[in-house]
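Student: With the hints as your guide, set chain B onto chain A.
Number of protein chains: 2
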Amino acid sequence: MGDEMTVSKDVVQAVDVAARERLLAAALELFNEKGYAGTSVREIVAAAGVSKPVLYYYFKNKEGIYLELMNETYATFQGVLSQLTATSGTSSERIVAFATSIFDAFVDNIAVVRLIYAIFFGPPQGAPFFSHEQYYDSMIQFIGGLVENGVAAGELRPVNVNDVTWAVISCMNTVMEEQLCNDPPRIDREGLVRILNLILDGVAER
Amino acid sequence: MGDEMTVSKDVVQAVDVAARERLLAAALELFNEKGYAGTSVREIVAAAGVSKPVLYYYFKNKEGIYLELMNETYATFQGVLSQLTATSGTSSERIVAFATSIFDAFVDNIAVVRLIYAIFFGPPQGAPFFSHEQYYDSMIQFIGGLVENGVAAGELRPVNVNDVTWAVISCMNTVMEEQLCNDPPRIDREGLVRILNLILDGVAER
Numbered sequence: 505m506g507d508e509m510t511v512s513k514d515v516v517q518a519v520d521v522a523a524r525e526r527l528l529a530a531a532l533e534l535f536n537e538k539g540y541a542g543t544s545v546r547e548i549v550a551a552a553g554v555s556k557p558v559l560y561y562y563f564k565n566k567e568g569i570y571l572e573l574m575n576e577t578y579a580t581f582q583g584v585l586s587q588l589t590a591t592s593g594t595s596s597e598r599i600v601a602f603a604t605s606i607f608d609a610f611v612d613n614i615a616v617v618r619l620i621y622a623i624f625f626g627p628p629q630g631a632p633f634f635s636h637e638q639y640y641d642s643m644i645q646f647i648g649g650l651v652e653n654g655v656a657a658g659e660l661r662p663v664n665v666n667d668v669t670w671a672v673i674s675c676m677n678t679v680m681e682e683q684l685c686n687d688p689p690r691i692d693r694e695g696l697v698r699i700l701n702l703i704l705d706g707v708a709e710r
Numbered sequence: 505m506g507d508e509m510t511v512s513k514d515v516v517q518a519v520d521v522a523a524r525e526r527l528l529a530a531a532l533e534l535f536n537e538k539g540y541a542g543t544s545v546r547e548i549v550a551a552a553g554v555s556k557p558v559l560y561y562y563f564k565n566k567e568g569i570y571l572e573l574m575n576e577t578y579a580t581f582q583g584v585l586s587q588l589t590a591t592s593g594t595s596s597e598r599i600v601a602f603a604t605s606i607f608d609a610f611v612d613n614i615a616v617v618r619l620i621y622a623i624f625f626g627p628p629q630g631a632p633f634f635s636h637e638q639y640y641d642s643m644i645q646f647i648g649g650l651v652e653n654g655v656a657a658g659e660l661r662p663v664n665v666n667d668v669t670w671a672v673i674s675c676m677n678t679v680m681e682e683q684l685c686n687d688p689p690r691i692d693r694e695g696l697v698r699i700l701n702l703i704l705d706g707v708a709e710r
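So the protein sequences, as listed, match chains A and B.
The opening residue of the first sequence carries number 505 in my numbering; numbering runs sequentially from there.
The opening residue of the second sequence carries number 505 in my numbering; numbering runs sequentially from there.
Just chain A, same shape as in the assembly (with noise of 0.2 Å):
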């Protein structure tokens, strides 16, 4: 708290954009190796080589910079979801295009991921809190509405819209927390696509 303070547009002036990035970078991976708690605003600066004063402008403090890596990966992941509203295709086409999106900008950005899941399941560091929730039930909600268009066109059995909804997440997780967890993967993208293709096959129409 004592590291808060009004930062002069003018003190900043010089500093390059890119101090910016670097500082977000430098918190990112200081907060991957040594926590969230373990990381001091001194270290960040630092690492960046930039004076506290710019951390001050740009992010305000510890908090504002952990926010900011949250709401740049979370607008990343609400793009893909925004582009993928316009793709044509049968459902299960659609759906599996929304699934390696999904994974392709999940393995992207595998840094803020990594501390997304050790602030989320790890013991309390007094981070602020980031509603994750709200991303994933709208990444629910869109499996979703292709599986019921697909039921809708004739494309897939009148089967339980939310249950194929909840395998497909289910696959999209846990091939995505291998690239997490696991170097080399036990499976892949194209793992994901085969199992997918699986699932989607066997409640298609036939």
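Derived by calculation from the structure, the hints in this document are not laboratory data.
These figures come from a predicted structure and were not determined experimentally.
Be a bit skeptical, because a hint or two may be false.
[As the list claims (entries may be wrong)] Stretches of chain B that chain A covers, calculated by requiring three or more beta carbons in the stretch to come under 8 Å of a beta carbon on chain A:
(1) 539-548
(2) 626-634
(3) 667-679
(4) 694-702
Heads up, the beta-carbon is just placed ideally off N, CA and C, and yes, glycines get one too.
Tutor: Frame of chain A, contents of chain B only:
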């Protein structure tokens, strides 16, 4: 380290056996509440209402009590696996029986599971190494064997055994994690049974 000491058996001669269980329960609660690193032997013995030598006698140190929590829980899961080797029924019935038994053990041991997730995904806390993957691999192998039998018996179509196995394990993982993370969970034991049957019906011989 300074907490360790050699304790002669007579020191704890009069100790009730329940003290051991109280120590395990107290340690588990504290580890989940304050993190493994943030919990001291002093706090554990105070919560269990015993003296330090009692903890030293049964577990040697904090690492020992942690490892005993892991070993006891994995022994429970291993017991479930052993019992299931003897079950009868179709491959699909046996897969569902396996999944629900593991689900039940997961829920029964949810406090230890919470600790396992915290150590596995959380920031480094200095907990001694424990191989969770060994257990996970034996689950994969067990399900794989059941799927293989189902294909050999003509109950299931000649699908990719590995893919069906991952679809099953994915659903187990996600539904179990849902019990850990959401109250009330958005999908429960009955939901797990439904989505497994959905997948298995989809690959059944037609």
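Student: Evaluate each hint against the coordinates.
Tutor: Checked hints:
no.: 1; hint: 539-548; in the structure: holds (count 4)
no.: 2; hint: 626-634; in the structure: holds (count 4)
no.: 3; hint: 667-679; in the structure: holds (count 10)
no.: 4; hint: 694-702; in the structure: holds (count 4)
Hint compliance for this structure: every hint is met.
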